[in-house]
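**Student:** Chains A and B are the protein sequences, given in the same order.
The numbering of the first sequence is the numbering used here, which starts it at 1 and goes up by one.
The numbering of the second sequence is the numbering used here, which starts it at 1 and goes up by one.
Please note: incorrect hints may appear among the correct ones.
Stated by the list, open to error - Derived pair list, reagent style EDC-like, types lysine to aspartate or glutamate, alpha-carbon separation capped at 16 Å: (1) B:K69 with B:D85; (2) B:K58 with A:E104; (3) B:K101 with A:D59.
Claimed, not checked - Some chain A residues close to chain B (C-beta under 10 Å, calculated; not the full set): (4) P8; (5) R9; (6) Y35; (7) L43; (8) D59; (9) R72; (10) P75; (11) F90; (12) G103; (13) E104; (14) E109.
Stated by the list, open to error - Footprint (simulated), chain A over chain B, 3 or more residues, beta carbon under 8 Å: (15) 40-54; (16) 101-111.
Hints were generated in silico from the structure; no laboratory data involved.
C-beta: ideal position from N, C-alpha, C; glycine also.
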Amino acid sequence: EAQVTQNPRYLITVTGKKLTVTCSQNMNHEYMSWYRQDPGLGLRQIYYSMNVEVTDKGDVPEGYKVSRKEKRNFPLILESPSPNQTSLYFCASKARTSGSLGGELFFGEGSRLTVL
Amino acid sequence: AQSVAQPEDQVNVAEGNPLTVKCTYSVSGNPYLFWYVQYPNRGLQFLLKYITGDNLVKGSYGFEAEFNKSQTSFHLKKPSALVSDSALYFCAVSSPGGYNKLIFGAGTRLAVHP
């Protein structure tokens, strides 16, 4: 089954304690992206990756890091989490095929993070 | 700059009645427009998209959307609502060359009452 898998789904942590949210897709997609969802703000892009070893900032990258060492994985790293990073996080992927600028995103189930 | 507006936080409709969820956009050039749906505790699911061609686009679960270039709108519609359609709906836009840039609206919660 084609899917994007995120872990953990739920996490409560404390300020300053480094954490990683993993994301893995089994569709051989080149493009992967992280979003955060906050009430009234919709989804905002944090980072994206066009392919292995190629990453770039989205609209709200501050406080986050990513890496893309393998095509299927795109972990989101919070080096020193703060309460304003409490949010619902989504990983998404899509194929980068020729002429497919309009390809749809496939989303994971989300990771709800609370930073105390 | 690209932007998307969903003017209604919530839409209430009775089961069996037609529904409309509104979306307007601002983008330079020809837009690529999308609708996604989010059910409780789930990720977003793709519903439909407009890239080019017919202004009326049909998608999953009986939904359709009409692209109106003069009004810069892409409203989501369904002729007969089901209780199971109750969810959070997001409109999104990107522009040619903006492959990596999909801008989402704030979302509209659809509540279908029996």
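**Student:** Which numbered conditions among the earlier hints are violated in the structure presented, ordered from lowest to highest?
**Tutor:** Violated hints: 1, 4, 9, 10; rest satisfied.
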